[in-house]
Every structure is written in C-alpha cells, then in structure tokens.
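Trainee: Next come the chains, spelled out residue by residue.
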Amino acid sequence: MLSKLVKALTKRLPEVAAHCDGPCGIYDPASARVTAEAVRSMTKKILDLVPPDPSDAAATARYHNTLSRYVAIKEEQAELTKRDLLVLWTDYFKPPHLEAYPDLHDTFWKAAKLCSACKVEVSPQHADELMDAIHKIHQIFWATKNREVDWVLAGG
Amino acid sequence: MLFCARELVALCLGRRTLARVTGASMAPTLEVGAVIAVRRGRGGLPTLGQVVVVTDPRDGRRLVKRCSSVAADTFAVASDNPHGATDSRTFGSLSRSDFVGVARWSWSLRGGLRDLRRTS
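Protein chains in written order, with my numbering: chain A, 1 to 156; chain B, 1 to 120.
Just so you know, these hints were derived from the structure itself, not from any lab. Some hints here could point you the wrong way.
As the list claims (entries may be wrong) - For each label pair, taking beta carbons as the anchor points, the in silico distance ranges come out as: (1) GLY60(B) x GLU99(A): 27 to 35 Å; (2) GLU31(B) x ASP53(A): 38 to 46 Å; (3) ARG69(A) x GLY43(B): 44 to 52 Å; (4) VAL71(A) x PRO57(B): 45 to 53 Å; (5) MET1(B) x LEU49(A): 35 to 43 Å; (6) TYR63(A) x ARG42(B): 55 to 63 Å; (7) LYS110(A) x PRO28(B): 24 to 32 Å; (8) PRO52(A) x ARG6(B): 29 to 37 Å.
What the hints assert, rightly or not - Negatives, chain B to chain A, calculated, CB over 12 Å: (9) LEU13; (10) ARG15; (11) ARG61; (12) LEU109.
As the list claims (entries may be wrong) - Derived SDA-like pairs: lysine to any residue, alpha-carbon spacing no greater than 20 Å straight-line: (13) LYS11(A) x GLU31(B); (14) LYS11(A) x ARG20(B); (15) LYS7(A) x LEU18(B); (16) LYS7(A) x LEU109(B); (17) LYS11(A) x VAL32(B); (18) LYS7(A) x TRP107(B); (19) LYS7(A) x VAL32(B); (20) LYS4(A) x TRP107(B); (21) LYS94(A) x THR22(B).
Just so you know, even glycine gets a beta-carbon here, dropped at the ideal spot from N, CA and C.
Here chain B stands alone, though its shape is the one from the complex:
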C-alpha cells in the first residue's frame, strides 16, 4: 500500500517514466504489451537482480532486462526467458552510460499491477 502511494506520488512528480514492453524475452515477469514505470539511473549502477532498462550498445534502442552481475564500473544483463538471446551474452557488459533506469512496477491487463522489486 505504501509502495503504491509512493509510486503514485513519484509518477505525478515526473520521477517515473512509463514505457511499453515489446517482445517476450522477459516472460513470465513481463508480458508483451505490459507497461513499466522506470526510475532513472542517475549515472549509477543497478543492483543485482533488478529489472532494468538499458541502451543496446549495438544500435541505441532501449531494452528491458534483468541485471545479472555487477562489477566495479560495468554490469551485465540477462533475459528472464531462458531462451532469450539478446542480452549480455550477445553484446557483452554494459557501462554506466548504458544504464537508463530501474523498472519499479509493471501493469498489464492479464497480469495486473506487479511490484518488480519482488521478482528478482
């Protein structure tokens, strides 16, 4: 309840960015068409297990993945769907500048509202 209220306030204050998920590599955590609320990374690094939005270093598009490891200045991401192919196995480690933000919650018609902090 507190989480919902805090997130609602953050959304109203413009501290969350909404985005729409395309593709199924984060299934079952995120289904196709789900809306996620992203808290900007502010130049830091994600924490292990967080669902994160990153920039694909190959073409600059935005990806949603799970942080699978964190080193001094880099981090790696993986897909929840074990068959997912486009993650750090494909493009390697990411730097701070590739980290866009952390997905805090998701919402979809089928799955309803979901606190993504509890899915790691």
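Extracted from the complex, chain A is given alone in its bound form:
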C-alpha cells in the first residue's frame, strides 16, 4: 500500500540513471530468491497462527498485532520480489538471451503474476510456485554467464 503510494508520487519525477550497461555481475536473482523465501515463510506463519479465545482481550490484541505484522511483511516482500524480477527481466536480459531461452518472457511474466498472487492471497501453493519460478530464473541467469551457482535457500 505504502510502496504503491510512493511509486505513484515519484512516478513523474525526472529519472537519474545509476545503470550498469554491461553484464557486470551486479544483477543476481538471489535478491528475489531471499524475498520470495520471506513471502513463503510469512504465508506459513499466517496459516499457523491460532486465534485466541475472544474473551481474552490481551491475547486477542496480541493476535491481531502479530497477524497484521505478518500480512504487512508478506505484502512488502512480495512487492520487492516483483521489483527485483522486473529489474532482472528488463535490465539484464537482452535479445540474444531470448533467442537461447524462448520462454524467457513467459517465465518472468508468470513469476511476476505469482508475486501478485502471493501478495493478495495466503497461498502456500503459489508461494511454492513462486520459488520454483525463481529457481528456473536462477538457472537461466547463471547459464547465460556460463557459471554454475548452487541454488541455496537461506531458510533451509
């Protein structure tokens, strides 16, 4: 919500580019992977929360507070994941990559859609599918650099 507002407010500002034009290694799908892991973790935590007895006011307040925080973090991390993916898609990948990976656009488009789904839903299935999509992007990304980089999860 807040990030949307900021984006809308700053959309019309002139841009100053801090771009790196070469395949210089500052791009890394790991940032999207970490935030997507956070989305999956928060989704699980939300589902694991047990509502307290409504007559216990203090416990109810704690429950709502915790639930609100979990939801806010999940939405924020989903938005960050989408942004990281869009940067990779639009800034790193070039036409020759598309020739080598014809489903590249479809992969990113579906991954971005999954970010949105994870943001508005509490869906472990979509959170898992998002991780799978980022895993695929990880494999494509490092293959374009002729490097083998292990897929390691921060959350185990």
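Let chain A serve as the given structure and place chain B on it in line with the hints.
Mentor: Using the frame of chain A, we list chain B on its own:
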C-alpha cells in the same frame, strides 16, 4: 536537524530538484527507486567524493554518480557499486557543462532519509 530545516526551506524555494534513481550502480548508497534532492551546479565543479548528477556525454541522459577526481576544468565520476560499468571508465572525464548538480539527500522506503554529504 538544522540540515533538514535548511533543505526543507531550499526545497520550498525551488532550490532543490527532485529526481528518481533507476539502476543499481550506486548501491548501497542509493537504491533503485530512491528519491534524491539535487542542488544545481551553477557552472562550477563538484568536490571530490560528492554524489553528483551529470549529463552522459554519449547520449545526454542524466546519471547519478560519485565524483572520483577533480582537475582544473574537468572531473571524473565513478559508481559506488564496484561492478558498475558506466562511469568515467567508459566515457572519460567530464567538463563543467556536464555537471548538473550535487545530490544533497536521498529518501527511500527501505533506507529512509539519508544525508548524502556523509557518504563520501
């Protein structure tokens, strides 16, 4: 506090121009989407270490970089991100006319308000 007040007044008086950062070559100082306030250069040269907005001599677009050296009438810029490729290593030294201004502060959702004078 004094800095904030001074910058707020300068902003209200139109002495600061706001711009939005795209790209990551100035990370971690400036993240993608950060807003920066720029004080116009007025034909001078930047000081070593300042975060500056310059005109890319190749295509005229505006870049945000850090001033890495200053000579008599020229200056060079570099990216904070060590992997950044588009700076004076690519397009060489810049002249006074390429100097747009100095970034005074930045703001982003993640990083909050940041006094860029303290990042050199």
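Trainee: State, for the Cβ atoms of LYS110(A) and PRO28(B), whether the hinted interval 24 to 32 Å holds or is violated.
Mentor: Given range 24 to 32 Å: holds, Cβ gap about 31 Å.
Trainee: Lying within 29 to 37 Å: is that true of the beta-carbon distance PRO52(A) to ARG6(B)?
Mentor: 50 Å, violated
Trainee: Is it correct that the beta-carbon of ARG15(B) has no partner in chain A closer than or equal to 12 Å?
Mentor: 16 Å, holds
Trainee: Given a hinted range of 38 to 46 Å, is it respected by the beta-carbon distance of GLU31(B) and ASP53(A)?
Mentor: 44 Å, holds
Trainee: Go ahead and decide if the range 45 to 53 Å is satisfied by the Cβ distance of VAL71(A) to PRO57(B).
Mentor: 48 Å, holds
Trainee: Is the claim that ARG61(B) lies outside the interface with chain A correct, judged by CB distances over 12 Å?
Mentor: Answer for ARG61(B): violated, closest chain A Cβ roughly 6 Å.
Trainee: Would you check the hint for LYS7(A) and VAL32(B), treating anything up to 20 Å between C-alpha atoms as holding?
Mentor: Given pair LYS7(A), VAL32(B) holds - Cα atoms ~11 Å apart, limit 20 Å.
Trainee: Starting from LYS94(A), check that the Cα of THR22(B) is at most 20 Å away, please.
Mentor: 18 Å, holds
Trainee: Holds or violated: LYS11(A) and VAL32(B), Cα atoms, limit 20 Å.
Mentor: At roughly 13 Å apart (the allowed maximum being 20 Å), VAL32(B) and LYS11(A) satisfy the hint.
Trainee: Tell me if the beta carbons of MET1(B) and LEU49(A) are separated by a distance inside 35 to 43 Å.
Mentor: With a Cβ separation near 41 Å, MET1(B) and LEU49(A) satisfy 35 to 43 Å, so the hint holds.
Trainee: Straight-line Cα separation of LYS11(A) and GLU31(B) no greater than 20 Å?
Mentor: 16 Å, holds
Trainee: Confirm or reject the claim that ARG69(A) and GLY43(B) have a C-beta distance inside 44 to 52 Å.
Mentor: 51 Å, holds
Going down the numbered hints, you'll see the structure goes against 8, 11, 12, while the others check out.
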